[in-house]
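Given these sequences and hints, build the entire structure.
There are 2 protein chains.
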Amino acid sequence: MRRFAIVGHRATTDPGFSLNDMPGSAGRMDVLCRCVNAGFFLSHDLRRNVECYLILKGGPETTILFKGDSVRSLNPDERSAGALIKKALGKTCGSEFIESSPGVFIRRGGLARLLSEYPFAVLDESGDDIRIVKSLPENLLLSDHQNFTEEEEAMTADLPRLSVGPQVLHADHTITIYQNEADRRSA
Amino acid sequence: MRRFAIVGHRATTDPGFSLNDMPGSAGRMDVLCRCVNAGFFLSHDLRRNVECYLILKGGPETTILFKGDSVRSLNPDERSAGALIKKALGKTCGSEFIESSPGVFIRRGGLARLLSEYPFAVLDESGDDIRIVKSLPENLLLSDHQNFTEEEEAMTADLPRLSVGPQVLHADHTITIYQNEADRRSA
Chain A
1022 MRRFAIVGHR ATTDPGFSLN DMPGSAGRMD VLCRCVNAGF FLSHDLRRNV ECYLILKGGP
1082 ETTILFKGDS VRSLNPDERS AGALIKKALG KTCGSEFIES SPGVFIRRGG LARLLSEYPF
1142 AVLDESGDDI RIVKSLPENL LLSDHQNFTE EEEAMTADLP RLSVGPQVLH ADHTITIYQN
1202 EADRRSA
Chain B
1022 MRRFAIVGHR ATTDPGFSLN DMPGSAGRMD VLCRCVNAGF FLSHDLRRNV ECYLILKGGP
1082 ETTILFKGDS VRSLNPDERS AGALIKKALG KTCGSEFIES SPGVFIRRGG LARLLSEYPF
1142 AVLDESGDDI RIVKSLPENL LLSDHQNFTE EEEAMTADLP RLSVGPQVLH ADHTITIYQN
1202 EADRRSA
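As given, the protein sequences belong to chains A and B, one line each in that order. Position one of the first sequence corresponds to residue 1022 (our numbering), numbered consecutively onward. Position one of the second sequence corresponds to residue 1022 (our numbering), numbered consecutively onward.
No lab work stands behind these hints, which were simulated from the structure alone. Values in this document were obtained by computation on a predicted structure and should not be read as measured data. Be aware that one or more of the hints could be misleading.
[Claimed, not checked] Some chain B residues judged to face chain A by a derived CB distance under 10 Å, without partners named:
#1 LEU1040
#2 ASN1058
#3 HIS1065
#4 PRO1097
#5 LEU1136
#6 GLU1138
#7 GLN1200
#8 ARG1205
In this text, a Cβ means the ideal position worked out from N, Cα and C, and glycines have one as well.
The following block contains the structure:
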């Protein structure tokens, strides 16, 4: 299983956000939607061995999980992932995941809980090159367009850090390059 | 200069298309918008050394050019590129590029003309691995979600072919992985 977790620092938890303005009033929800795309899509196929965790912090901290082995109605465009996120946010939920549509789940709580559940590595420009590390971690944590907060840095200070190359990239591009390295190693 | 050309087999040339339905009525314009994103965006920066040619075939064959050294008002979300494409399609143009907004140009004509102007290589799963080729071509041609037509295959039969890895990927993901290899070689 490959797991990607992306922290959306301003991403709204209000299901009323507009799919026509995800960069603005939805708090850069477009960034998270592109990460979902990068996590799952192959040409005319979906990666079934992927889980994608979106940590929304623009409201009561909330986690939305997309599971590749069961997700339905997910298309590559940003609005498609956005519509599934909207639907999830419309569900009443507590601290355990409930399914809002096939393969999409939501719970209250965010990064601290997730870090206690899986051993993550951080995809970060300061890390070791993914092409030369001996074994590639399966669970990867990324930030959206903003840097990790001081609190998040403290929570992740002891985690391995991996870099995908010499340029600082968008989170979704970083996921795409990680997938390529993982594909090559498992080919 | 890095040049990416992407053939949009059904991409509309009608400026009336809806930004709310780029996968449907606009003929998978969303694919081309994501290619623009992958071509240009760095974290909080734009790649100025990139040109992106979109070849729209869902109407009279038309080419839209984004130039990294002068483009303005381009944001990472699909709607942003889509809005600039819409604006370009609203311009009356002939066989020479005219500028529709800063750094965005449009002309009639498509792949045949472009292939006569630059020496392209084709990004294709059957090609040589980009990690092992001695020199990386600067001008890359890709297809959208559809395969090249027989006519396009004939036009490109003699061009070098490069592959980014073992999986068949979306065009924008392929561009992202190419950029990473090129970044590493020029670092």
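Comparing the hints with the structure gives:
no.	hint	result
1	LEU1040	holds (8 Å)
2	ASN1058	holds (8 Å)
3	HIS1065	holds (7 Å)
4	PRO1097	holds (7 Å)
5	LEU1136	violated (23 Å)
6	GLU1138	violated (28 Å)
7	GLN1200	holds (8 Å)
8	ARG1205	holds (5 Å)
Figure legend: structure checked against the earlier numbered hints; hints not met, in rising order: 5 and 6.
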